[in-house]
Amino acid sequence: MKRALLVAAWLIIAAPALAAEIPLGERKSGYDLMGPDTRAMQDDDTANPGMLWVLDGEALWNSKAGAAGTACADCHGDARASMKGVAARYPAFDATLGRPVNLEQRINLCRVGHQQAAPLPYESRDLLALTAYLAEQSRGAAIEAGIDPQLEPFVAKGRELFMQRQGQLNLGCANCHDDNWDKRLAGSAITQAHPTGYPLYRLEWQSLGSLQRRLRSCISGIRAQAYDYGAPELVELELYLMSRARGMPIEAPAVRP
Amino acid sequence: MDRETSRRAFLMGAAAGLGLGAVITVVPVHATPKEMEDAVRKVVGSARVTKGRVTLELPPLSENGNTVPLTVSIESPMTPADHVRAIHVFTELNPQPDVVSFRFGPRAGHARVSTRIRLANTQTVTAGGELSDGSCWAASAAVVVTLAACLEDA
Amino acid sequence: MANALVNVPARARRGEIIEIKTLIQHEMETGYRVGTNGNMIPRDIITDFVCKYNGEEIFRADLFPAIAANPFFTFYTVATESGSISFEWIGDNGFTAAETATITVE
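Residue numbers (our numbering), protein chains in the order written: chain Z, 185 to 441; chain L, 8 to 161; chain H, 5 to 110.
So here's chain Z without its partners, still in its complex pose:
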């Protein structure tokens, strides 16, 4: 009951700030803006290349790692049960660090802290596989990232980063993704930028990739200096994007052009 009041109070306070977001009824996933062939690729688990990484992730979940010689499964059991809905709540607040962490960072925190194993490098095959496996367990779950009141200043920072104009083209994310979605940019539709499907198989990459990879690619695209993988700015952007997509279902691993 107390939690519900807290959430309600927060929503009332935050409501004016959220006014700029696309209303839930008008939110469209990038899936709706793709052609039928690419959609068919995503829909069929035996045709979706992202599922190849999910297979790897399942194997990694069950294999022992690090000096502790434990597997994720040893603490977390069957991921199908224990990890259900988790990806929909990330990035989440980490009490020790006092800031949000994304799913990749959470996996590495567990590896270092509990398995005494080396952290997996960003965009490495193993980290992508584990993230894909976890995200797939949340398929269909409604995104609820950013509700925690402790995350409020970080969501605000993320919004600032989304709005600010930057780079040689002096563009902000919002210029395309809030103001011009569904128009086209060089043959592709401009999406509303809801990260409902990450990590996803991007045809341009011919590989599975993370949301941070996509953000860095976009930021380079507007001719600005992209933040390094794991940078707080990227996590804040991820957090803002996920909270901006709140209510939309997870569709990982998605396929995108």
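If the Cβ cut is set under 7 Å, some of the chain L residues that face chain H in the computed set are:
1. Asp105
2. Val107
3. Ser108
4. Phe109
5. Arg114
6. Gly116
7. Val120
8. Thr122
9. Arg123
I should point out that these hints are in silico values taken from the structure, not numbers from a laboratory. Remember, it's a predicted structure, so these values are computed and weren't measured experimentally. Each residue gets a CB set at the ideal place from its N, CA and C atoms; glycine is no exception.
Following the hints, complete the assembly by docking chains L and H onto the known chain Z.
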């Protein structure tokens, strides 16, 4: 020596004569329609290729040239007496003309395959089919390929 | 071994034409790309795909660099008898992968 090779040989000779041999290198970035014809010939031999009977399904505008869905089929009873032996796919402007060759027998049921191909440019894709009676058929389809809007730094 | 996903119906009626889908994890490096050091990245692709039904070859594909990464094929065969359908992929640099599926034909 066909025209293209002899032209190259002439240029190299001229360049060498001018002491520019090290500077001028002619590297083909893509095949030519003639090279595609040669590739088709290599596969079907001297059989006459007739337009028709092959159905080539490709999106007219691809979402990304790295992965273009393609379905190729030939209507056939697929009996031991009358079936499709093979279907070959070619492009005219990729770095090399061959894309894939599929081989069937009477057990196939349908002479129909779907796959995903790479197209380097806007171009025409050609599919050729060989039937058990030795006849060869072909069909083509054009696909528009655009670059992605924002390319990554490596 | 590289991951492979195959989709074969578990059961079928005798004489029914069934659809088979296969997906294998492979980068299919074309050999036409230039690396960051300025040198051509050597070709590394799957070159052959063979499907056998109780040991008899029913479908074959010869692949070239123009097949997209993570090669995907959907093809058909007639369900003749119960048994195993096997898939084999062979490629450059000694690449091999294999997968099997069982089918019950009534």
